[in-house]
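Engineer: Take a look at the letters that make up each chain.
2 protein chains.
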Amino acid sequence: MTRFMDVHHGMEGITADQLREAHQADLAIEKDENVHFEQAWADPESGTVYCLSEAPSAEAVQRIHERAGHKADEIHAVPLTV
Amino acid sequence: MTRFMDVHHGMEGITADQLREAHQADLAIEKDENVHFEQAWADPESGTVYCLSEAPSAEAVQRIHERAGHKADEIHAVPLTV
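Taken in sequence, the protein lines are chains A and B.
0 is the number of the first residue of the first sequence in numbering that gives the first Met the number 0; add one for each residue after it.
0 is the number of the first residue of the second sequence in numbering that gives the first Met the number 0; add one for each residue after it.
Here chain A stands alone, though its shape is the one from the complex:
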């Protein structure tokens, strides 16, 4: 399992409720790909959302995000953390 940070652009104006709903949509199906979405942060002004997950691969992260209706624009493995 590897930790991933993925980034979504174009989310200008996202609300706390919308972020929560999007995260819940991921959580509801994440087990299908052995992914776990840990945290997410949103900047409604620039329309940027960051999601932190543990997953077997970037492709597994993307498959869950796509099925949940919000494909990621970037997915980076972040094996180093402090």
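Derived by calculation from the structure, the hints in this document are not laboratory data.
Glycine included, each C-beta is placed from N, C-alpha and C at the ideal position.
Worth double-checking, as some hints may not be accurate.
[Unchecked claim] Computed Cβ-Cβ distance ranges for the label pairs, DEER-style:
(1) Glu11/B / Glu58/A: 20 to 28 Å
(2) Thr14/A / Gln17/B: 32 to 40 Å
(3) Glu58/A / Gly12/B: 19 to 27 Å
(4) Glu65/A / Lys30/B: 38 to 46 Å
[Unchecked claim] One side of the interface only, derived from the structure: several residues of chain B facing chain A at Cβ under 10 Å:
(5) Met0
(6) Tyr49
(7) Asp72
(8) His75
For chain A, the structure is supplied; the task is to place chain B on it using the hints.
Structural biologist: Frame of chain A, contents of chain B only:
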């Protein structure tokens, strides 16, 4: 206080030790600006580092990063979290 996610590019090949040293350099002076750097994640392959902090402003975050020798390329307020 607001939560910020900042991003550094061009850090290809960063090691766990270098990430830890960079984070320690921030922690050593963060109180000067009432900033707290909470976590950081690095992708040595794409050379991307993400830092999560709490701070009075993006400018305060940048002043600490600059003094510590690693100016951020992007700083986003992330008032929404889940």
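Engineer: Indicate, hint by hint, whether the structure satisfies it.
Structural biologist: So, going through the hints one by one against the coordinates:
1. Glu11/B / Glu58/A: 20 to 28 Å: With a Cβ separation near 22 Å, Glu11/B and Glu58/A satisfy 20 to 28 Å, so the hint holds.
2. Thr14/A / Gln17/B: 32 to 40 Å: holds, 38 Å
3. Glu58/A / Gly12/B: 19 to 27 Å: At roughly 24 Å between Cβ atoms, Gly12/B and Glu58/A fall inside 19 to 27 Å, so the hint holds.
4. Glu65/A / Lys30/B: 38 to 46 Å: Given a distance of about 43 Å, which is inside 38 to 46 Å, the answer is holds.
5. Met0: violated, 15 Å
6. Tyr49: holds, 6 Å
7. Asp72: violated, 13 Å
8. His75: holds, 4 Å
Hint compliance for this structure: hints 5, 7 are broken, all remaining hints hold.
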